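Chains as they are written, first to last, in this note's numbering: chain H, 1 to 331; chain G, 332 to 407.
FYI, nobody ran anything at the bench for these hints, they're computed from the structure.
Nothing here was measured: the structure is a model prediction, and the numbers come from that model.
Careful: at least some of the hints might be erroneous.
[Unchecked claim] Partial list, derived from the structure: chain H residues whose beta carbon lies under 10 Å from chain G:
| hint | residue |
| --- | --- |
| 1 | W29 |
| 2 | S30 |
| 3 | K37 |
| 4 | N214 |
| 5 | S226 |
| 6 | E227 |
| 7 | F265 |
| 8 | M266 |
| 9 | K272 |
[Said to hold, decoys possible] Negatives, chain H to chain G, calculated, CB over 10 Å:
| hint | residue |
| --- | --- |
| 10 | K42 |
| 11 | T103 |
| 12 | I233 |
All residues carry an ideal CB built from backbone N, CA and C; glycine is no exception.
Chain by chain, the residues run as shown.
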Amino acid sequence: MKAYISAINYYLPEQVLTNGQLVKEFPEWSVEKIANKIGVNKRHIASSDETSADLAIKAAEKLFVESGINREIIDFVLFCTQSPDYVLPTSACIIQEKLGLSTSCGALDFNLGCSGYVYGLSLAKGLVLGGIARNVLLLTGETYTKFIHPKDKGNRTIFGDGGSATLVSQTGFAEIGDFVLGTNGKGAENLIVRTGGAKFPNKLNDEMFGDHGNPISSDHLYMNGSEIFNFTIDVVPHLICDLLQKNHLTSENINSFIFHQANVFMLNFLRKKMKIPESKFPYYMSETGNTVSNTIPIVLYEENRKGLLKGYVVLAGFGVGYSWGGTVLKF
Amino acid sequence: MDLLTFTTNFADQFEETEISAFTPNTNYKELEEWSSLIALSIIAMIDEEYDVSIKGDDIRSAETIEDLFTIVKNRK
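Chain H extracted, bound-state conformation (with noise of 0.2 Å):
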């Protein structure tokens, strides 16, 4: 038996975040020209009362309507967040409800950022081979917005929010592969969002301005830009390497690399250093901005809605933990 992912889709929200907006809040700083080296003209935000698992909601019902899916063959949903509705209840389990799916259906979250859609691909294939379910809804949601302090430019322009919907099967268009996946709890400390959970379930109030006069607040996201930099390039190439090894494969199979899109100067650091042709590894983010766990799939249903992916497609996701995973498709 293999895993298929057989149909995918997307939402943004419907509040757009535009350069010129942020021009206007930060006048002193040259928004245009950092936002055009990170590669996000406008980025979506859920409103007020929109949660993460309501972006995946809302996903999930393009995706049955779209790709014409009955939903009543959903048998397990997994829900990637780190935005939950609650401590408690899951949201997968409100999810399950609203969508009015069968309640012979297993649900969970699973909390990751950035390595998010590849640990969700990696569950859902092996549900699908140990034969514990037949039609995995695969759900990301993020609102990394609402965790971000207002006077945080940096963040502000490169974050945006969104939900996606996989359905993986025993057939579809692209085969799941071979996994490589990864783990390093030290950079815990470097992209963070330290209140409100069990450990400081309380609001510090401990804002203060460190350098480039961005806010540091432990209510809020924080993100050593620098750290998670180095962590990037250190860790990506290994694991494209292991991953073509693992899946008996090499660089010159492989017609498109898809990879977590963080920001585009990154991104283009990485794919020189790994010395990967410009042609063969798209970017979607302008009109998004980074949507961690939402990134992935929202390049692949663009991607593929143009007929673009062919043949061996990796896919490469790292970030918040430190957590990375690959997979390779075979569409």
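Let chain H serve as the given structure and place chain G on it in line with the hints.
Positioned in the frame of chain H, the structure of chain G alone reads:
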């Protein structure tokens, strides 16, 4: 490894600052164009040109371009 080449490579990461502003003694964090993104470009340039991995802390602890040159040289 040559200090003048390093200074030129360093200056190449800037778009607006006049090239004449860059000498080994330049205190780079005081340049108006300095930003966290340029700091990343410096890390990337040093990885590419010198195959040395430096950290954000190295960029913070060094004051002049020559200080940073010395850090990179000692890791070669």
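Results for each hint:
1. W29: holds, 9 Å
2. S30: Cβ of H:S30 sits 8 Å from chain G, so the hint holds.
3. K37: holds, 6 Å
4. N214: holds, 7 Å
5. S226: Given a least distance of 3 Å, the restraint on H:S226 holds.
6. E227: At 6 Å from the nearest chain G Cβ, H:E227 passes the 10 Å test, so the hint holds.
7. F265: holds, 7 Å
8. M266: Holds, about 8 Å.
9. K272: Hint on H:K272: holds, closest Cβ of chain G at ~8 Å, below 10 Å.
10. K42: holds, 19 Å
11. T103: At roughly 49 Å from the nearest Cβ of chain G, H:T103 sits farther out than 10 Å, so the non-interface label holds.
12. I233: violated, 6 Å
Of the numbered hints stated above, the single one contradicted by the structure is hint 12.
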